[in-house]
Structures are given as C-alpha cells and as structure tokens.
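Peer 1: Take these sequences, add in the hints, and give me the full structure.
First residue of the sequence shown? That's 1 in UniProt numbering, and the numbers climb one at a time after it.
Think of the hints as simulated: they come from the structure by calculation, not from any bench. Any given hint could be a false lead.
Label-pair distances were calculated between CB atoms; the ranges are [what the hints assert, rightly or not]:
#, residue 1, residue 2, range
1, GLY87, GLY326, 40 to 46 Å
2, GLU329, ALA280, 27 to 33 Å
3, ARG555, ARG283, 24 to 30 Å
4, LEU498, ALA313, 37 to 43 Å
Idealized CB from N, CA, C, for every residue including glycine.
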Amino acid sequence: MTSTGIRLDAPAPGWSIDADVVVVGSGVAGLTTALRCSAEGLRTVVVTKALLDDGSTRWAQGGIAAALGEGDTPEQHLEDTLVAGAGLCDEKAVRALVTEGPDAVRRLIATGARFDTDGAGGIALTREGGHHRRRIAHAGGDATGAEISRALAAAIREGAVRVIEHALVLDLLTDAEGRTAGITLHVMGEGQHDGVGAVHAPAVVLATGGMGQVFSATTNPPVSTGDGVALALRAGAEVSDLEFVQFHPTVLWLGPDSEGQQPLVSEAVRGEGAHLVDAAGTRFMVGQHELAELAPRDIVAKGIMRRMREQGADHMFLDARHFGAGMWENRFPTILAACRAHGIDPVTGPVPVAPAAHYASGGVRTDLRGRTTVPGLYACGEVACTGVHGANRLASNSLLEGLVFAERIAGTIAEAHPAGAARPLPAGGPGGGLPPAAGEGSAHAAGAPVEGGSRGGMPLLAPEARREIQRIMTNGAGVLRSAASLEQAADALEALRLSALHEAGDTDAVAKAAEPGVESWEATNLLLVARVLVAAARERTETRGCHWREDHPGRDDAGWRRHIVVRLTPDRRLDVRQTATEAFPPASPAPTLASAPTPAPTADREPQQ
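Peer 2: Next comes the structure, spelled out in structure tokens:
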C-alpha cells in the first residue's frame, strides 16, 4: 500500500458516479487522453476546474514543435531537446516524443485543429529558442493553444465523454491494496452535481497543468495551483525535479508591484527576428550563446537577469519595431492587443519584458506509459515528469508531450482496465472510508471530514496564506537562488504550516478550524508543492538548466547528473532522495510508506518536515 492516509479536510461525498477512467484537467493532455479512452470504448469522465475550453493550453501562444518540415528529422529534434535539458533528459522518453510527435500532430489536425499554412498550402513553421530548425507549427498567428483547445473541446462535446465543469479535485480514492479507485471532488456552484462528490474508477489520469501560482508573477492562469502534484503526494506517489521551474524570459513587464497572471510575449517573436536590448538599445545576448536571443530559455532568462543586475534595472526590452504594423497585426495579433491594452505599442517602441514563472519541468514521476508509482494513477502534461524536459524544457515541446503521452496512456489504460472489467472499491466502501454516498444527482450532503483529513492529516490554510506563499517563493526560490534565500523560504513556509496548527497539550498537533472551501484547499495545495520545490532546490547544490544557484554557479555533472525524488510520508515529512544516475528508477509502486525505511539525513540538515 502506497497511500499516506493524508487527505484534505472536506465534507463526505454527497453524490457519486461510476466510470472506467476519470481524467482531471481539460488542456491538450487531458482532452486528448479522454478522446482516445472514449474511442477505446471506455466510459470516460473529464473533471475540469473551470470550463471545458478554459484549461492552461489555451494560453499557449508560440506553437507545437515537431519534425514536420523538409530536411528536418526526429533525430535533429531529439538533439535540440537533449541540449536544452542540460544532461537530465531521459533519452528514451525524448525519442518517443520526437518520433511519435509528427503523426500525433497529424491526428490532432484530423480532429479539427487548423494550423497556419504557407503559400504552398503546407503547415507554416517558425523557429523558437533552442531549435536549429523551423519546426514550430502555429495557429491564428500567436493563438495556437486557443485553436487546439477549441478543436479538442468541440470533439469532446460531440463524443460520448461526460464532463464535470467548475470542479476542484480533492483526493485519490484507493482500495485496501492501495490501487486507485477514483477521486473525490468539489463542484463549485449548483447544477446536476454540487458540493463534494466522488467519481469511482479504476484509472485516474492527472492532467491538471502547472503550479505557477506558487509565485507572485506568472504566465499561468489563477487555477494553476499545483492541485495534481499535491493530490499525488498525499496519495503516496513520487514527484521529481520540481526544482526546475522555467521562468519565461520575455513576459510583459507591468511594473514592480504587478502580481498574478502576466501577459506572455511569445518566444516566436524572437524566432521571427526580434532583439533583446537594454535601455540604451544595446543587444546583450550576442556573444553569450551561438543562438543569441534564440538560446534555450534558461540561458536567455539568466542573460536578462544579469543585465538587469549590472544596470540596476527591473526589466529589459524586446525590440521588434522593424516588423512593421502588418506583421504585428497578422502574425502576433494576440500579443499586439495585450501590449496596446497596457499602453505599449510594439510597432513604434520596444516592449518592456522580464522573466516570470512559466512552466514546471518536473512533476509527478511517470514511466514512458504515464504510470505513476501508485497503481492505476497516471499523469500527463505539465503535472507529470516523464523525463522529456530534463532540467529545462525546450520551447514548444510541452504541447507535443501532452499529445504523445496522452495517446500512450490511453492505450495503457485500455489494456490494463478494459471496459466492463471489475472495478476496485474504495477502502471502507463506496465512499472510501466515508458514509456511503447518496445516489447520482443527489443534493450535497454535509458530513464529517474525510478519513485522514486535517484532524491528524493535512492542515488547511486560511485563504489569505496564498499571497504570503507567493511572496516567500518569489523572494527565496525565484530565478536566483542561494542557500540563504532557500533556508529563509523553508523556514517561512514551515512557519506557515505551523500557523495552521495549535498544540493539544502534548507533542500532538491538530488542525485549527480552517473552513473547508476552494480557497483554503488551493492555499493548502500551494504550500505543499512550495515545500517540495524548496526542499529539492536546497538539495541541488549546483546550477543546471533553469535552477540557478548563486552560491553554486557551476554545473556539476560528476556530483549532480541525477534526479531528486520526493515523497510525502504519513507523518507529513518530505522524504527527499537522489537517484544514483541520470536514469530514473522504474516507476513501480513505491514501498509501503508506513514501513519504508527513512533515508539517512544529508550531511548539512535533517529531513524536511
């Protein structure tokens, strides 16, 4: 059994439905998985936190990378990906991505996605950072994600896939042997289902996107609060490489106090010839890398940060005035509109930019078929760590990863959990140790907190803790990190965790009466993923990819060409360990946490609490 026994404090499910597979998330990874599972005859339910077509995918501007152009090959795409990943990519995973990618894109087109074409009617391709070939397919100029989301959502609506919108996933249900048996969720609002319920299924696919909201400024939408990673940790799954958060180099700078979701200025703008300059108009990336402004994102972000520190500036500029109005209006209409909405006209002046949190290269550890270390639990897209991205994601590989690994997961689920097969029951009965759920469509039934909830489990934070977590993480674990800044972040996060507890007269701690609800659940999820990120960043005493340690500025292949894997133990400790090499161990079920030996502490500190 892998489960920690820890769950969020929530009412008992007041309704339940049955399925063969439940997919959590409605981006490219989730919807592709759902469509392929449904095509296999599996009863498929999609759970999404907002509307069906409002996942993170729709915010993607640049495009989707695949070896589709004349003279390009999967081998060249593989080489660019490995270089960007800074020695930590799983080459087998990358090879699967680049070889299966072109056909996966063609199947996406067959599903209804319409990409921009060139004069000959072929797919128009551009370049982005780290790519030596023009292999980025785009749609609507700079609205690729919106088009992909539109096409997949339309196919879902036309198919036999059931959708539950405005639903926050809470926890994994497991049977007595620790196998996946479904999820609990909370539906925000009234309708056929509202309040806390359950979806019973032998296969659960996490496709919940990123966790950018752990930082004050991010390109991620407000719903990106790390819910999938937090659920997986509470379920006993392993996460890996969470220290590798990619900060996009060119995010529209809106002022020193700007917070929340920030407008992205796509890398494709640099791919078409825009230059990074300082306030004096000097190009500063020339000479730092052979590709200058089109170097991998980690290198460009560091180049911008260095120039900012040298000049005491809080932003740099992206100059694309030479594009002219026509190119801006036709190729980058979304970015043009965003700039003008904030009083900036890129046709006549340079665009102020600065790095902001963008993409999590790490996540829930999976094998090449999307299986996690919990039987029946799968992960796909940004929430997953397949090994494709290594220490730094290559531009526009994310949408492709969602496509390729979604198809792999669907095939695996169809084999492992065929339609009509017996489903495991949650431990303790249909409610997973809770009172039996009411029939489908029933009203929300209030009840006691779930077994293993914050009374002895995961304490809930007050909603206002969200901004404090973001402040702590931005100051201590942002683009630039050090032992001192990470220690301060760890201490502050621990203080937040302890603030949700009070002493019960002895060494035991019980949760304060934090009110269960969407905002407190999100804040609690953010705190857990923040703790894991900081713990991994403290462990990795080198600079590699998008992890930049000021006190360890060099890359150390001899000591650190390996991964950091983290688990949550039943007593809420973070079990942090290193792999022996750059290769991932098999994603077989994790050892029983209740009896697993605790690894020896590192030389400089005790295991993270």
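Peer 1: Could you run down the list of hints and mark each one as holding or not?
Peer 2: Hint check:
no.	hint	result
1	GLY87 to GLY326: 40 to 46 Å	holds (43 Å)
2	GLU329 to ALA280: 27 to 33 Å	holds (29 Å)
3	ARG555 to ARG283: 24 to 30 Å	holds (26 Å)
4	LEU498 to ALA313: 37 to 43 Å	holds (38 Å)
Taken one by one, the earlier hints all hold for this structure without exception.
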